[in-house]
Amino acid sequence: MHRESSTPNARATTRRTFLGGLTAAASEGLWPVRASAQAAAGPGPLTRAIPSSGESLPLVGLGTWITFNVGDDAVARDACGDVMRAFFAAGGRMIDSSPMYGSSQAVVGQGLSRTSSTARVFAADKVWVAAGARGPAQIEASRRLWNVPRFDLLQVHNLLGWQEHLATLLAMKAAGRLRYVGITTSEGRRHREIEQIMAAQPIDFVQVSYNVLDRDVEQRILPLARERGIAVIANRPFRQGDLIRQLQRHRLPAWAGEVDCDSWAQVALKFIVSHPAVTCAIPATTRVDHVRQNMGAARGRMPDAVMRQRITAHVAAL
Amino acid sequence: MSDWWTYRPSDFLLFSARTYYRLFEIHNAALWPAQAAAIGLSAVLLWLAWHGGRGAARGALTIVAAGWLCSAGPYFWVRYATINWAAVWFAAAFALEGALLLSLASSRACPALQAHAPTRRPGARRAVGAALVLAGVAYPVATPLLGRPWTQAEVFGLAPDPTAIGTLGVLLLLEGGRERRLPGWLRAAWLGALWTVPVAWCLITGMTLWTLHATEALVAPAAAALALLATRLRHPPTA
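One line per chain: the protein sequences are A and P, in this order.
Quick note on the numbering used here: the first sequence kicks off at 10 and runs consecutively.
Quick note on the numbering used here: the second sequence kicks off at 2 and runs consecutively.
It cannot be assumed that every hint is accurate.
[Stated by the list, open to error] Label pairs and their in silico Cβ distance ranges:
| id | chain 1 | residue 1 | chain 2 | residue 2 | range |
| --- | --- | --- | --- | --- | --- |
| 1 | P | 9 | A | 201 | 14 to 22 angstroms |
| 2 | A | 296 | P | 55 | 51 to 59 angstroms |
| 3 | A | 301 | P | 86 | 26 to 34 angstroms |
| 4 | A | 127 | P | 211 | 38 to 46 angstroms |
| 5 | A | 297 | P | 100 | 44 to 52 angstroms |
| 6 | P | 226 | A | 125 | 51 to 59 angstroms |
| 7 | A | 125 | P | 11 | 30 to 38 angstroms |
| 8 | A | 58 | P | 204 | 44 to 52 angstroms |
| 9 | P | 93 | A | 229 | 38 to 46 angstroms |
| 10 | A | 195 | P | 190 | 36 to 44 angstroms |
| 11 | A | 229 | P | 11 | 19 to 27 angstroms |
| 12 | P | 34 | A | 309 | 52 to 60 angstroms |
| 13 | P | 197 | A | 250 | 33 to 41 angstroms |
| 14 | A | 232 | P | 93 | 41 to 49 angstroms |
[As the list claims (entries may be wrong)] Covered stretches of chain A (in silico footprint by chain P; criterion: 3 or more residues with CB under 8 angstroms from a CB of chain P, positions within the stretch not fixed):
| id | segment |
| --- | --- |
| 15 | 77-86 |
| 16 | 103-115 |
[As the list claims (entries may be wrong)] Interface residues of chain A toward chain P, partial, derived using beta-carbon atoms under 10 angstroms:
| id | residue |
| --- | --- |
| 17 | 74 |
| 18 | 196 |
| 19 | 198 |
| 20 | 249 |
| 21 | 295 |
By construction, these hints were calculated from the structure, which means they are not laboratory data.
Yeah, the Cβ is synthetic: ideal placement off N, Cα and C, and Gly gets one too.
Could you build the full structure based on these sequences and the hints that come with them?
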């Protein structure tokens, strides 16, 4: 199935028109501002539209890798529930998990029940099993752990068995049992294959690693996502915490205030979500104060092209 | 996974250090007061290691086998599996090692345990073996030194790392004995399997702790390396 056959307006954007618009906007120093202007301002967090549907998502979501894998530890599960409560209170919606993440799915499900947020959550999960025939059973097991009627987004985790799983997910979407389909990778792996799938398959989302130091996706994948009308989820925004630990050894520069950041985490996140191709970033945390801080990155002024360059230059020099 | 060479150990990390150590806290609370029995058996193991002989070997092998089986079930299968999907494989490997140790303990080919009595000439292999047994048994003492509460102590016989280290010590203390009567391939397979699991676990746990930035990350791999080096040494002849 070719992308255009099932895609409305956003997917009609050609590479030429996109690049042309980008160049014009950049020459006016406006393109990141345009990106944030597309977001809906208001009391909640800034949002950006999913290109294939127009549905808006907050720029900051919640990842669960490592942080929500706490097993049967009741104390830690309560702490994760508190993080989810704070996340939703700050206007968050997308939570992303995977069967690979140990007990994370069950912890999310418990948190959703405790916070009565099943209706509010944008449930993003993955299928992660080599055999395509085992995909549906895994998806159903994941859904039960989440305790949601259906997933909003299912992604093929790290392209494992992607041909068979993608067929399954697209069939689920066609049958109304799934809203969006995506693929994921991390740490810059298999980008060439990701590009080929993005170019040939009618996917709604692609999830890649992107942060102020890992910017390989800026070359081809992010422009291709814009061209093809594919939403982008940025994982590993803090390099598993290493980036923030590194940055926190240094004083927050005064210019951070120009984009309404009062922490390095917000600078790092605003750098990511100010890219016009990025739909949302999914930082993970076990702390309520950190999730509030992260959600703060979806508010206020966003970096423009000049500020983005300033951020990258400053961080590279540290 | 055609791009396997691009993966680092941290890519396979599934949990935080806090979650990992909390697991021992929950494990200890669930098993209490089994720790008292484990410490008692540890004392018996030390005495057997000192005393030596074939009976001591049977006793020591049975004690460490019980430790492997306890690690396989209550720890890996019940606890660790809640945060690591690979735990079922670890449980199987630990159960296999326990079974192998029990089979050796009950076998007519069971070798004797090299005594550590002062009447014997000291030997490097014996010293390393005894040191590793002691290190496994004393492992929980390091808990407060590493800045963790006693409730998170990893007890020999109930937790995998001290059990593996202590077992390597016991294996080193075993003398060449009646197992020499076995066909070469069977002896090699038997002894090879006995050594493989604890050495492999020492490397796996070292890698896990390394990715967690744990201070003790090198302890188990160093113990395995020391044990493997010591296997090159012969026991001194008995008096």
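Quick rundown of the hints versus the structure:
1. 9/P with 201/A: 14 to 22 angstroms: holds (21 angstroms)
2. 296/A with 55/P: 51 to 59 angstroms: For residue 296/A and residue 55/P the Cβ distance comes to about 57 angstroms; the hint holds.
3. 301/A with 86/P: 26 to 34 angstroms: The hint (26 to 34 angstroms, Cβ to Cβ) holds, given that residue 301/A and residue 86/P are roughly 32 angstroms apart.
4. 127/A with 211/P: 38 to 46 angstroms: holds (39 angstroms)
5. 297/A with 100/P: 44 to 52 angstroms: This hint holds: roughly 47 angstroms between Cβ atoms.
6. 226/P with 125/A: 51 to 59 angstroms: Roughly 54 angstroms apart at Cβ, these two residues keep to the hinted range, so it holds.
7. 125/A with 11/P: 30 to 38 angstroms: holds (36 angstroms)
8. 58/A with 204/P: 44 to 52 angstroms: Holds - the Cβ-Cβ distance for residue 58/A and residue 204/P, about 49 angstroms, lies within 44 to 52 angstroms.
9. 93/P with 229/A: 38 to 46 angstroms: holds (44 angstroms)
10. 195/A with 190/P: 36 to 44 angstroms: About 40 angstroms separates the Cβ atoms of residue 195/A and residue 190/P, which means 36 to 44 angstroms holds.
11. 229/A with 11/P: 19 to 27 angstroms: Hint holds: Cβ distance 26 angstroms, inside 19 to 27 angstroms.
12. 34/P with 309/A: 52 to 60 angstroms: Check passed, 56 angstroms falls within 52 to 60 angstroms.
13. 197/P with 250/A: 33 to 41 angstroms: Given about 35 angstroms between the Cβ atoms, the range holds.
14. 232/A with 93/P: 41 to 49 angstroms: holds (48 angstroms)
15. 77-86: With 7 residues close enough to chain P, the hint holds.
16. 103-115: holds (count 4)
17. 74: Holds, about 8 angstroms.
18. 196: It holds, given that the least Cβ distance between residue 196/A and chain P is near 7 angstroms, below 10 angstroms.
19. 198: Status holds, d = 5 angstroms.
20. 249: Since chain P brings a Cβ to about 7 angstroms from residue 249/A, closer than 10 angstroms, the hint holds.
21. 295: Holds. Min distance 7 angstroms.
Violated hints for the displayed structure: none, as all numbered hints are satisfied.
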